[in-house]
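Asks: Spelled out, the chains give:
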Amino acid sequence: VAVQRQPAPRPKYRWRKVLPNYLFILPYFLFFLLFRLGPDLYGFYVSFFNWEILIRAKPFIGFGNYAELMRDNLWWTALRNTVLFACFTVAGNMSLALLVATLLKQRMPGHEFFRVVFYTPVVLSVAVMGVVLVRVFNTEYGLLNFYLNWLGFKSVPWLANANLVIPVLSGASVWWTFGFPMLILLAGLLNIPDHLYEAAKIDGANSWAAFIKITIPLLRPVLLFVLVTQFISHLQVFGQMFIMTQGGPGHASYSIVMYLYDTGWRFFRMGYASAMAFSLAALILTITLINFRLFGQRVEY
Amino acid sequence: MINGKIPKLTRRQFLTQTLVGATGLVLVACAAPPTQSGAVPAATQPEAAGPTPVPTAAVSEFGSGERELVFWHGLGGADGKTMTQLLERYTEENPDITVRQELLPWDVFYQKLPTSVIAGTPPDMIITHEWAIGQFGSREMLRSAEEFYTERGLDKSDFLPFAMNNVTYEGEPLGVLLDNHGYATYVNAELLEEAGFDSDSPPTSGSEWLEMALQLTRDQSGKTAAESGFDPENIDTYAYVFGNTRWGPLSALWQFGGDTISEDGTRSTIGDEAAHEALQALHDAIYKQHVIPVPVGYGFRDAYSNRKLAMYSHGSWDLNFIRDQNLESITKLWPMPHWGSVGPAVWMSAHVMATPTGVDDEGAELAAHLTMWLSEHGLDWAKSGQPPARISQQNNAELQQHWHTGNVARQFQEIGRTERQHPNIVEIQRAYHPEFDAILTNSKPIDQALTDADDRIQRILERTA
Chain A
1 VAVQRQPAPR PKYRWRKVLP NYLFILPYFL FFLLFRLGPD LYGFYVSFFN WEILIRAKPF
61 IGFGNYAELM RDNLWWTALR NTVLFACFTV AGNMSLALLV ATLLKQRMPG HEFFRVVFYT
121 PVVLSVAVMG VVLVRVFNTE YGLLNFYLNW LGFKSVPWLA NANLVIPVLS GASVWWTFGF
181 PMLILLAGLL NIPDHLYEAA KIDGANSWAA FIKITIPLLR PVLLFVLVTQ FISHLQVFGQ
241 MFIMTQGGPG HASYSIVMYL YDTGWRFFRM GYASAMAFSL AALILTITLI NFRLFGQRVE
301 Y
Chain B
1 MINGKIPKLT RRQFLTQTLV GATGLVLVAC AAPPTQSGAV PAATQPEAAG PTPVPTAAVS
61 EFGSGERELV FWHGLGGADG KTMTQLLERY TEENPDITVR QELLPWDVFY QKLPTSVIAG
121 TPPDMIITHE WAIGQFGSRE MLRSAEEFYT ERGLDKSDFL PFAMNNVTYE GEPLGVLLDN
181 HGYATYVNAE LLEEAGFDSD SPPTSGSEWL EMALQLTRDQ SGKTAAESGF DPENIDTYAY
241 VFGNTRWGPL SALWQFGGDT ISEDGTRSTI GDEAAHEALQ ALHDAIYKQH VIPVPVGYGF
301 RDAYSNRKLA MYSHGSWDLN FIRDQNLESI TKLWPMPHWG SVGPAVWMSA HVMATPTGVD
361 DEGAELAAHL TMWLSEHGLD WAKSGQPPAR ISQQNNAELQ QHWHTGNVAR QFQEIGRTER
421 QHPNIVEIQR AYHPEFDAIL TNSKPIDQAL TDADDRIQRI LERTA
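Protein chains in written order, with the numbering used here: chain A, 1 to 301; chain B, 1 to 465.
Read the hints as simulated data drawn from the structure, not as lab findings. Any given hint could turn out to be false.
[To be verified] Cut-off 20 Å, straight-line C-alpha distance, at most; resulting in silico cross-link-like pairs (EDC-like, lysine to aspartate or glutamate):
{"id": "1", "chain 1": "A", "residue 1": "K154", "chain 2": "B", "residue 2": "E140"}
{"id": "2", "chain 1": "B", "residue 1": "K288", "chain 2": "B", "residue 2": "D231"}
{"id": "3", "chain 1": "B", "residue 1": "K308", "chain 2": "B", "residue 2": "E211"}
{"id": "4", "chain 1": "A", "residue 1": "K154", "chain 2": "B", "residue 2": "E194"}
{"id": "5", "chain 1": "A", "residue 1": "K58", "chain 2": "B", "residue 2": "E140"}
{"id": "6", "chain 1": "A", "residue 1": "K58", "chain 2": "B", "residue 2": "E263"}
{"id": "7", "chain 1": "A", "residue 1": "K154", "chain 2": "B", "residue 2": "D231"}
{"id": "8", "chain 1": "B", "residue 1": "K332", "chain 2": "B", "residue 2": "D200"}
{"id": "9", "chain 1": "A", "residue 1": "K154", "chain 2": "B", "residue 2": "E233"}
{"id": "10", "chain 1": "B", "residue 1": "K308", "chain 2": "A", "residue 2": "E140"}
[As the list claims (entries may be wrong)] Partial chain A-side listing against chain B, Cβ under 8 Å, derived:
{"id": "11", "residue": "K12"}
{"id": "12", "residue": "L74"}
{"id": "13", "residue": "G250"}
For glycine and all other residues, C-beta sits at the position ideal for the given N, C-alpha and C.
Generate the whole structure from the sequences, applying the supplied hints.
Replies: Right, here's the structure in full:
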């Protein structure tokens with residue numbers, strides 16, 4: 001039987017059909033172009049100049065800012081702090097969010113109340129969270145050390161110890177932010193069909209086996225989404241350090257975005273700050289690609 | 001398939017909740033903005049003609065005259081109250097002028113000012129700090145203030161020479177000094193007298209100071225740091241702390257004959273022997289003699305209020321804290337402790353009144369009028385705890401007798417020091433301050449921290465040269 005080929009629609013007709021789609025995205029696209037893409041591209045351009053605010057001479061220095069960055073010890077310190085913070089926080093967030101979401105899925109009494117309670121810290125601004133937690137972690141009059149002393153333990157300099165400060169800030173950030181990945185994971189868990197668990201139960205699988213063999217594989221796309229967005233978010237950490245430690249003690253909690261902020265707005269070196277911004281963007285892109293590569297396979301049953 | 005049961009939301013519930021939410025938002029939006037006492041909310045005032053900087057913080061307007069002056073500063077503490085009172089008086093005396101005051105946190109102020117100059121919408125007048133003048137001057141952000149000294153009657157020799165020097169960039173003054181502020185040492189006279197010391201006789205040498213500090217530091221069993229069996233792990237009362245980990249160590253650095261950069265601004269000196277000696281002395285006071293707590297994150301004001309701290313050095317602006325806590329009757333003011341081997345020195349700075357580049361002549365004239373008025377009312381400004389910048393006013397008999405402000409003024413005249421002027425001074429400060437922190441928290445060995453600071457500062461100086 002001869003196959004009858006459909007004639008291709010005429011270009012004018014095709015345009016008329018897709019035009020409303022473009023019109024719908026036009027307002028956002030214009031906003032994106034003017035306030036996001038444009039400044040981003042301009043920032044990239046600026047990163048090739050010795051560009052300081054209100055200094056008339058802005059000589060082109062090619063990759064000079066990027067080369068200086070590679071020789072800058074403080075950049076590497078900030079990079080190490082940022083990556084450590086992001087790894088601790090993402091690991092903590094993912095583990096806690098998955099645990100709590102799994103428990104909430106069991107529909108135990110009061111689960112809706114707990115869902116709200118666990119999500120509540122997310123609505124706090126970083127300023128509020130920071131001010132509250134400084135009071136909690138303060139060495140002399142902090143709530144945590146008050147209870148430690150009450151139990152007979154010595155005070156711990158939570159935010160004044162160079163080895164403790166990043167894990168403490170990560171822990172604080174997990175408490176503050178895990179509610180969002182928890183909700184996403186809960187939605188993912190609720191999407192897994194019950195009949196798969198029933199079939200596994202009939203086959204003799206216990207809860208752990210069902211979790212490992214059914215829940216985790218089927219949750220993989222959601223886990224990937226959470227992993228990628230969490231890394232993107234926490235690699236740009238700023239507020240927690242800025243409010244709680246000012247990057248200290250020493251430079252022990254100095255993050256890339258703090259360094260970028262200082263360079264641009266306190267030292268007025270916009271060219272160097274732009275180079276930092278694009279180096280951070282490259283780092284985020286690399287980590288995202290690695291995450292896709294490692295966790296990107298999709299499983300269907 | 002979603003297994004979870006989603007609670008049903010009826011249209012009636014949705015509409016009710018939306019209405020409640022919207023009403024709440026409207027009420028919040030209609031609430032009056034926070035204003036200074038006695039000030040008229042800016043929102044109720046007519047807009048000024050011409051480009052006006054967008055308010056981002058506490059905005060207040062004083063007076064209702066036709067000529068409007070936009071005035072930015074960061075005096076948000078107790079001294080802000082005094083400034084508000086002065087502006088009320090100023091507009092009462094000058095009914096044709098309205099002063100629109102925008103109070104910004106200093107950090108925001110220092111970011112917003114350059115952007116306002118670039119955008120062509122700077123305020124008519126600002127209050128900044130003397131150390132910022134080098135940075136602003138090299139970026140041509142401020143108008144010359146030469147006319148104040150040549151035409152309006154101010155005398156350059158009526159100001160502390162090193163402060164005046166910092167307000168001058170490449171030979172041209174860029175502002176008028178409002179005050180001298182800096183470190184003052186607050187002493188709990190009761191605690192000192194209980195320990196057998198005369199609160200009217202400050203120690204005159206480093207060894208005397210240390211001897212006193214050892215007697216004032218007590219553990220929870222009541223033993224002093226000078227006694228055997230003293231438990232440094234359970235200290236109840238400390239002798240002393242400096243409230244800021246930059247200004248305290250800087251004072252020590254100068255007392256040992258050191259500095260952050262050389263006089264000609266070409267060489268970092270933070271790695272020199274004097275800096276090692278100064279930081280070692282402070283480190284020993286914390287970790288060997290245990291008379292100073294780890295100052296990072298230490299709540300010195302809480303400790304002082306609760307008799308857990310005998311002495312602390314912090315800003316002259318703490319006068320109102322002492323008053324608010326009803327501690328004025330038991331507090332005495334001492335000069336900065338002498339730790340160094342070279343001579344006494346104390347960190348100080350100064351507020352500077354200036355007019356940004358891009359302000360039109362009318363705005364500049366209004367700013368000059370208020371600048372002169374504030375300069376002439378220095379003794380009223382001294383009620384904030386900050387000694388006026390003019391030495392002739394500092395030497396006023398009544399001010400000299402004041403237990404706080406008179407003492408502070410004398411101390412600054414005798415041993416006050418400011419940081420050296422540099423176009424990238426903030427970057428230099430950020431290069432050494434975290435390293436001081438690292439030393440004081442025992443996070444880094446002194447040698448390594450000072451070498452790191454030295455490398456960074458040297459690179460900044462070479463780049464600027």
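Asks: Name the hints, by number, that the structure is in violation of.
Replies: 1, 4, 6, 11
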